[in-house]
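Could you put together the complete structure from these sequences and hints?
Chain residues, written in single-letter form:
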Amino acid sequence: DTEVTQTPKHLVMGMTNKKSLKCEQHMGHRAMYWYKQKAKKPPELMFVYSYEKLSINESVPSRFSPECPNSSLLNLHLHALQPEDSALYLCASRQGLAGNNEQFFGPGTRLTVL
Amino acid sequence: AQSVTQLDSQVPVFEEAPVELRCNYSSSVSVYLFWYVQYPNQGLQLLLKYLSGSTLVKGINGFEAEFNKSQTSFHLRKPSVHISDTAEYFCAVSPPAGSNYQLIWGAGTKLIIKP
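The listed protein sequences correspond, in order, to chains B and V.
Going by my numbering, the letters in the first sequence line up with residues 8 to 121, in that order.
Going by my numbering, the letters in the second sequence line up with residues -11 to 103, in that order.
None of these hints come from the bench; they were simulated from the model.
Some residues of chain V that are not near chain B, with every Cβ distance over 10 Å (derived): (1) Pro0; (2) Ser14; (3) Ser42; (4) Phe55; (5) Gln59; (6) Arg65; (7) Ile71; (8) Leu99.
Only pairs whose alpha carbons sit at most 27 Å apart, straight line, appear in this in silico DSS-like list of lysine-lysine: (9) B:Lys43 - B:Lys16; (10) B:Lys45 - V:Lys98; (11) V:Lys102 - B:Lys48; (12) V:Lys102 - B:Lys47; (13) B:Lys45 - B:Lys26.
Every residue gets a Cβ at the ideal spot worked out from N, C-alpha and C, and that includes glycine.
The structure is reproduced here in structure tokens:
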């Protein structure tokens, strides 16, 4: 299994809703990433988990809350989002070993906040 | 700190013609270099990467790139494009250690294939 899966594929939510995005990989990778991508722009790094510990938080608002329950799973909990948070949310994983730092990306979750 | 410049926001090219997408980077340390492709409504897929060794790197779908250290460039080429190559192409660099190997991204180049 050489892929990163993300669910749901699409999500529409109101500003008062609570929802979660899910990411899964079974490649034995030990680093996992959340990115936000706006249309026609490169991905922006949000969070990095390394060996299930949060190692980087790129000053992301607290309405985004990441969670790494185990080495294969990464969640992004969403609460009280704003319309400007509408974007493609990408998950990626990396093997975690020095010298091999290719990131494998999932297909993304297209989020619309009304 | 590193930065990446993709010199063209869009490149239109006729089908079966050759194409070159340009990428220049700035870094005070050695970096790893990557090209990713994003097809419409999809995630990113690695086309090729340069870590060390031969400066000519071959990737998937007939793409190749050449690392030029003196010109700090990593241009992507394909000798004959197909309509299915229509996509956004991102160049990225990463330091060889530290910062969880964060990718520094270029702004992207949209490849438009004209029939």
